[in-house]
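Enquirer: With chain A's structure known, arrange chain B on it following the hints.
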Amino acid sequence: MGRQERGTNMADVNRGNRPLSPHLQVYRLPLVAKISIMTRITGVALGAPALLIVWWFVAGAYSPEYFAVADGLLSSLLGKIVLIAGLWALWFHFANGIRHFVFDLGRGFDLPTVAKTNWLVIGASVLLTVLTLLLV
Amino acid sequence: MSYKTDYNRVAGLGRAGEGVHHFWVQRVTSIALVPLTILFLIPFGRALGGGYEALVATYSSFGNALTAALFLGVAAWHFAIGMQVVIEDYFQGGTRLVLLVLNKLVSFALGAAGVFAIATILFSA
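Residue numbers (our numbering), protein chains in the order written: chain A, 314 to 449; chain B, 162 to 286.
So here's chain B without its partners, still in its complex pose:
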C-alpha cells in the first residue's frame, strides 16, 4: 500500500502522464515558425532554380544557413507532433503504433538530413 496522498499520486500526471506538454510544444514551435518561415522563404525562393552557384552563394552566408537549419529543424518537430495527433485520431491498435513510430523516425530523420545538408554546404563553401 502506498502512503502517498491522493494529490501526490496524480500531481503532474495529465491524461497520458505528460499533461499539457504536447499542446505546449505545438504552440511554442508554431510561434518560432512565424518569423522562421519568412526568413527561410526569401533566400530559398531566390536560390531555387539558380543552379549550384546560387545555392553556395546563398547558404555560405551564416545567417541564411542558420535560419534555414532552424526552420527545417523546428518544422520537422512541429510536423512530427502534429502528425502524431492526426494518426491518433484516425488509426487504432497495431496500425496506430506502427504509424506513430514511423512518423517520429521519418520526421526527425528529415529534419536532421536538412540541418546536416545545410551545415555541409556552409562549411564546404
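Bound-form chain A, shown alone:
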C-alpha cells in the first residue's frame, strides 16, 4: 500500500465527525474577504469605463465632429454616472491593491491591523473619489 493511498483511508475513518473547513455557503465572510472579492469585481467592472475612455481618445484622433459625439456622451448625465461609479471602483481597486501588496510582503496580517485597514481602504476609496471630483 502506497503512502498516498494509506493517507486517504485514514482520512475516511474520521469523515463526518471532524470539523470541516469554512464553506462559502454557510460561513459569514469577514469584511476583509468581502473587500477582497470587491477588488476582483471592481477590477473586472473597470473594463467598462476603460472602453469608454479609449473610445473618447479614438474619436479625438478620428475627427473633431466624431469627438463632439464621444465628449458629449461621456459628459452627459448617463456618462457622468458611469464615470463616477468607475472612479470609485478605480480608487477602491487602487487602495485595496496597495493593501494586498503589503500583504504580499508578509505584513499587516494580524487581526487588529486588518480591522483597521479594512476601514482605511473603504474610507480612502470614498475620500479619493470626492477629492478627484472636487479638484479635477
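Please keep in mind that the hints were generated in silico from the structure rather than gathered at the bench. One thing to keep in mind: the hints can contain errors.
To be verified - Pairwise CB distance ranges (calculated):
| hint | chain 1 | residue 1 | chain 2 | residue 2 | range |
| --- | --- | --- | --- | --- | --- |
| 1 | A | L386 | B | R257 | 33 to 43 Å |
| 2 | B | G210 | A | R341 | 41 to 51 Å |
| 3 | B | H182 | A | A381 | 40 to 50 Å |
| 4 | B | A270 | A | K429 | 34 to 44 Å |
| 5 | A | V449 | B | R170 | 46 to 56 Å |
| 6 | A | A381 | B | H183 | 34 to 44 Å |
As the list claims (entries may be wrong) - Here are a few chain B residues that sit away from chain A, every Cβ distance over 10 Å (derived from the structure):
| hint | residue |
| --- | --- |
| 7 | T166 |
| 8 | D167 |
| 9 | N169 |
| 10 | V171 |
| 11 | H182 |
| 12 | H183 |
| 13 | V186 |
| 14 | G210 |
| 15 | F252 |
| 16 | T256 |
Note that this is a predicted model, so its numbers are computed, not measured. No residue lacks a Cβ here, since even glycine has one placed at the ideal position from N, Cα and C.
Expert: Frame of chain A; chain B shown alone:
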C-alpha cells in the same frame, strides 16, 4: 532516456511552466499604475467635457500624452492578466480557452487603440 538530473528537468518550471512570472507581472504593473493613475486622471478629468479644443490643448503636451499612453498601455496589460485569472477561476474546457484568447485580443487591442489615438492627437496638433 534523458541523462538530465531530476533537478535539471524541473529547474525554472513552475506549476504551469512559467513559475511566478504571471504573479510578478501583475505586481510590477500595479506598482507602475500607482503614479500613472494620478498623472492620468488630473489632465483627463480637466479635458473631459471641454470639447475638441480642450482635448488638443491637453494632449498636444508631450508629458500629458506620454503619461496617458503609458497609463492605458500598462492598464491594458494589468487588465489582461487579471481577467485571465478570473476566467481561469470560473470557466472550464472550451469556454475557458475561447474566453482566454478573446480576453488577450480585446485587452491588447484596446490598449493599442488608446496609445495610437493619443499619439495621433499629439502628432497632428
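Enquirer: Does each hint fit the structure? Answer for all of them.
Expert: Okay, the hints, checked on the actual structure:
no.	hint	result
1	L386(A) <-> R257(B): 33 to 43 Å	holds (34 Å)
2	G210(B) <-> R341(A): 41 to 51 Å	holds (43 Å)
3	H182(B) <-> A381(A): 40 to 50 Å	holds (44 Å)
4	A270(B) <-> K429(A): 34 to 44 Å	holds (42 Å)
5	V449(A) <-> R170(B): 46 to 56 Å	holds (55 Å)
6	A381(A) <-> H183(B): 34 to 44 Å	holds (41 Å)
7	T166	holds (24 Å)
8	D167	holds (19 Å)
9	N169	holds (26 Å)
10	V171	holds (20 Å)
11	H182	holds (15 Å)
12	H183	holds (14 Å)
13	V186	holds (14 Å)
14	G210	violated (3 Å)
15	F252	holds (13 Å)
16	T256	holds (16 Å)
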